[in-house]
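Asker: The listed protein sequences correspond, in order, to chains A and B. Each number in the working numbering comes from the position in the first sequence (counting from 1) with 11 added on. Each number in the working numbering comes from the position in the second sequence (counting from 1) with 273 added on.
None of these hints come from the bench; they were simulated from the model. Predicted model, so just to flag it, every value in this text is computed and none were measured. We put the beta carbon where it would ideally sit given N, CA and C, even for glycine. Be careful, since some hints might not be right.
Pair ranges (Cβ atoms, derived) [what the hints assert, rightly or not]:
1) B:Gln352 with A:Ser77: 39 to 49 Å
2) B:Gly312 with A:Lys25: 19 to 29 Å
3) A:Thr128 with B:Val316: 46 to 56 Å
4) B:Arg286 with A:Pro81: 43 to 53 Å
5) A:Ser77 with B:Pro280: 30 to 40 Å
Partner residues aside, some chain B positions facing chain A, computed with beta carbon under 10 Å [claimed, not checked]:
6) Ser303
7) Leu353
8) Tyr355
9) Gly372
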Amino acid sequence: DTGVSQDPRHKITKRGQNVTFRCDPISEHNRLYWYRQTLGQGPEFLTYFQNEAQLEKSRLLSDRFSAERPKGSFSTLEIQRTEQGDSAMYLCASSLLPASSYNSPLHFGNGTRLTVT
Amino acid sequence: QQPVQSPQAVILREGEDAVINCSSSKALYSVHWYRQKHGEAPVFLMILLKGGEQKGHDKISASFNEKKQQSSLYLTASQLSYSGTYFCGTEIGNQFYFGTGTSLTVIP
């Protein structure tokens, strides 16, 4: 168990550019979540996958955001035409089972901090 | 949809106790508790299922009242290492929501 890893740790980009983040979950975990967190706020749900299927996407997520998990392993989150309001920490988490199970804690990666200038 | 936590912030001296509450307007079937230290990712503390109560650590425990749609986290004899922001979390529909957060600061 090497934990959840995210890459890059930091990303600075200019407004209007596209960015892509990667998340590698714990290998046997079939659920993968993306969250966004701004300073002083709790993690805000963006989307989640059950294996390779994207089962839920927040209504707050604009069309500029897209996520994939092509083989049910790693996932990517892409933001197109970035805006200054996209600046935040993007967290990825994985779990083995649904959240309503004892063995289903969410394991978080260290996040990707995005700064849009 | 987001669970509401109280208090928003609390400052304790080492050795004092604290209670953090989490309330939901939706039915709760399970409640998770996480702690996040500044600049770090949230770390899982414990999970409680409907009708159950589980202790995750010796001096940190929690209760779950599904009828009241509430959960409480109890920190006893607080240590400096307990400082951080505590979040409850729950699955509503197909989304996992975190609560509004409680900032806990333990001072010597």
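Asker: For each hint, tell me whether it holds in the structure or not.
Answerer: Verification of the hints:
| no. | hint | verdict |
| --- | --- | --- |
| 1 | B:Gln352 with A:Ser77: 39 to 49 Å | 43 Å, holds |
| 2 | B:Gly312 with A:Lys25: 19 to 29 Å | 25 Å, holds |
| 3 | A:Thr128 with B:Val316: 46 to 56 Å | 31 Å, violated |
| 4 | B:Arg286 with A:Pro81: 43 to 53 Å | 52 Å, holds |
| 5 | A:Ser77 with B:Pro280: 30 to 40 Å | 38 Å, holds |
| 6 | Ser303 | 4 Å, holds |
| 7 | Leu353 | 22 Å, violated |
| 8 | Tyr355 | 18 Å, violated |
| 9 | Gly372 | 6 Å, holds |
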